[in-house]
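S.K.: As a plain string of letters, each chain reads:
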Amino acid sequence: MALRSQLLKGVLDACVMAVVEEQPVYGYELSQKLQAIGLPDISDGTIYPVLLRLQKNGFIRGEMRPSASGPNRKYYFLTDQGQAELEQIAAEWLEIAKPVSQLLKRGGGYEKDR
Amino acid sequence: MRKTDELIEENNHKRELLNVENEKVYEDLLLYLRTDLRIDEHAGEEILMDLLDHLVEAQEDGKSAKELFGESPQKYADELIENLPSQKRRNVFLFSASQVLGLTGWFAASFGMISLIVSFFRPVDNSIALGSLLLMLLSVMLVAFVGVSVIFKIIRSSVFQAEKKKWQAYVKAGLYGAAAFACVVLIAWLFQDFGPVIKLEWWLFLLIGLVFLAFSKLMYKWSE
Numbered sequence: 001m002a003l004r005s006q007l008l009k010g011v012l013d014a015c016v017m018a019v020v021e022e023q024p025v026y027g028y029e030l031s032q033k034l035q036a037i038g039l040p041d042i043s044d045g046t047i048y049p050v051l052l053r054l055q056k057n058g059f060i061r062g063e064m065r066p067s068a069s070g071p072n073r074k075y076y077f078l079t080d081q082g083q084a085e086l087e088q089i090a091a092e093w094l095e096i097a098k099p100v101s102q103l104l105k106r107g108g109g110y111e112k113d114r
Numbered sequence: 001m002r003k004t005d006e007l008i009e010e011n012n013h014k015r016e017l018l019n020v021e022n023e024k025v026y027e028d029l030l031l032y033l034r035t036d037l038r039i040d041e042h043a044g045e046e047i048l049m050d051l052l053d054h055l056v057e058a059q060e061d062g063k064s065a066k067e068l069f070g071e072s073p074q075k076y077a078d079e080l081i082e083n084l085p086s087q088k089r090r091n092v093f094l095f096s097a098s099q100v101l102g103l104t105g106w107f108a109a110s111f112g113m114i115s116l117i118v119s120f121f122r123p124v125d126n127s128i129a130l131g132s133l134l135l136m137l138l139s140v141m142l143v144a145f146v147g148v149s150v151i152f153k154i155i156r157s158s159v160f161q162a163e164k165k166k167w168q169a170y171v172k173a174g175l176y177g178a179a180a181f182a183c184v185v186l187i188a189w190l191f192q193d194f195g196p197v198i199k200l201e202w203w204l205f206l207l208i209g210l211v212f213l214a215f216s217k218l219m220y221k222w223s224e
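Just so you know, the protein sequences line up as chains A and B, in that order. Under UniProt numbering, the first residue of the first sequence is numbered 1, with each subsequent residue one higher. Under UniProt numbering, the first residue of the second sequence is numbered 1, with each subsequent residue one higher.
By construction, these hints were calculated from the structure, which means they are not laboratory data. In this text the structure is predicted, and so the values were computed from the model without any measurement. Keep in mind that the hints are not guaranteed to be accurate.
Simulated restraints on C-beta separations [as the list claims (entries may be wrong)]:
(1) B:P196 - A:R61: 52 to 58 Å
(2) B:L142 - A:S5: 38 to 44 Å
(3) A:L94 - B:E71: 30 to 36 Å
(4) A:Q23 - B:S110: 52 to 58 Å
(5) A:R61 - B:L207: 41 to 47 Å
For each residue, glycine too, the CB sits at the ideal point set by N, CA and C.
This is chain B alone, in the form it adopts within the complex (with noise of 0.2 Å):
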């Protein structure tokens, strides 16, 4: 486990010391610092953790998170975020070529697994386009990339807002994403037999899958 999610973990449990008030407030700016990009995760999880290890200890004191945060807890998290290191740029490569890679690793684990089921009650054709193939990794990464900004945006501008406003973010956001995913189907729709076909046994797919995943988890392991 990364000592990252370690981190991530530990902040889970000891969120559950908070009383109801300071949990709010707590866990608005703990979003904040999480969805914004720019800063290096790993000190961005360890400024959370001396704050929830302060705000615990302020709270047995009879202090509330208004008194440690001030009046304005987004321009407290804003006054954090720049004085926090920005993300390195080995670690964003990394990362999202474990995500890339991972996904990649699904796709053909379960097309071999589910091949190999479905060849027990009829013949299967194994067969797959490679044009359809890449243009449908390109635009999930694509819409992926795009998705993931302008959703984390969405929420980040409602985070500290009332809650009624809040809802209204996560709908739009999710309206997003449906259209996000839509485009993907339409693509695939659309381009369903381009480019070279090649013709695979499901115990290849399958193993190509694997070693894409086993690739995607030291990828994610690296990338801090």
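Bound-form chain A, shown alone (with noise of 0.2 Å):
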């Protein structure tokens, strides 16, 4: 389970962080996008946990700014060391994400047969 949960972190804190490099967001706005992206389970309430985890590691920042819609809201940005983070947790994803969904794929066949 603490496993499960530090993987799911690490996932998350990525996906945060791709899309706050996109453009600068504020809570409500990044929680509809990662819905849009296809996310629904790590949309509403949790990203906010992640949002402070990632401001106290130094890799995002807030700033309080007028929104479209009128008031002001506190936008996210990626740090120059938020960056770096990003680009490496990118390149490992990538090396094991083709690869490691193949296997798990063949792991929910196997357990059928049983």
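Mind docking these for me? Both chains are given alone in their own frames, and the hints should help you get the complex.
M.R.: Below you can see the structure in the form of structure tokens.
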């Protein structure tokens, strides 16, 4: 269980940083974008502990700005440190993503056969 | 006004946009975060504002606080607290010092004013026992520190519970507060004339009090 949540944490961090890299966003926008990408389970409240963790590590920073709809919102930006971290995670992920998905698909078939 | 206080005030206004059900869940979360003295106050208020903005927008889209904070808001709050930066020592020191100075300042200023008013009607004795005064201040500080920690702990344990349990907790916290106050009164009564006695004019008390209050305000302002 601990390993599982560790793994999920890393992936979530990377997803959030990837969205922020594309364009600075505020919380609600971020959750909408993650939902649109097709990650409904990690979209709503789950992003805030992630945002806090990323800020604490210096990977993103927040800044108050007027939003498109009017009121001030806290927009999140990727820092240089975050950029480096994201590139590293992305490289590692791409290396394992394909073989792991293939392997896990087979694993599911094996379960069924039994 | 401190930036943190501005956030708190904005939060007070914005909360009115929530419907009854969402407001209840949100206010529980708010109380739970604010009574945690370990976390950095400003960072705490920032995330509370983020969550409030999110909840207001989600509400417009027909979603509920449950969908945002999950089935267990307390678990969610603990996860937030775990990832929030901790309160800086500098701020803790400045805040405590501002409270102590403020308390002493109020005491001295009111003492000066009262003795001025009383002096119109009858001669007053402006002498004060330094030992008793110091003991009184120390006991107030100690009682305030222990009292706040205990009372916050009681409140925090009941935040996400049903109304009945909350009331029980508030009564319990109130009793603790009353007992703490009684302790201070008892100490003041037991040690009435203790240590060297000084005699000051009423305006000197007032002046000292005002200077203390000014420093207290300044330190509060620096405490973020």
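S.K.: Hint by hint, note whether the structure agrees.
M.R.: Status of each hint after checking the structure:
no.: 1; hint: B:P196 - A:R61: 52 to 58 Å; result: holds (56 Å)
no.: 2; hint: B:L142 - A:S5: 38 to 44 Å; result: holds (42 Å)
no.: 3; hint: A:L94 - B:E71: 30 to 36 Å; result: holds (35 Å)
no.: 4; hint: A:Q23 - B:S110: 52 to 58 Å; result: holds (57 Å)
no.: 5; hint: A:R61 - B:L207: 41 to 47 Å; result: holds (46 Å)
In summary, the structure agrees with every hint in the numbered list given earlier.
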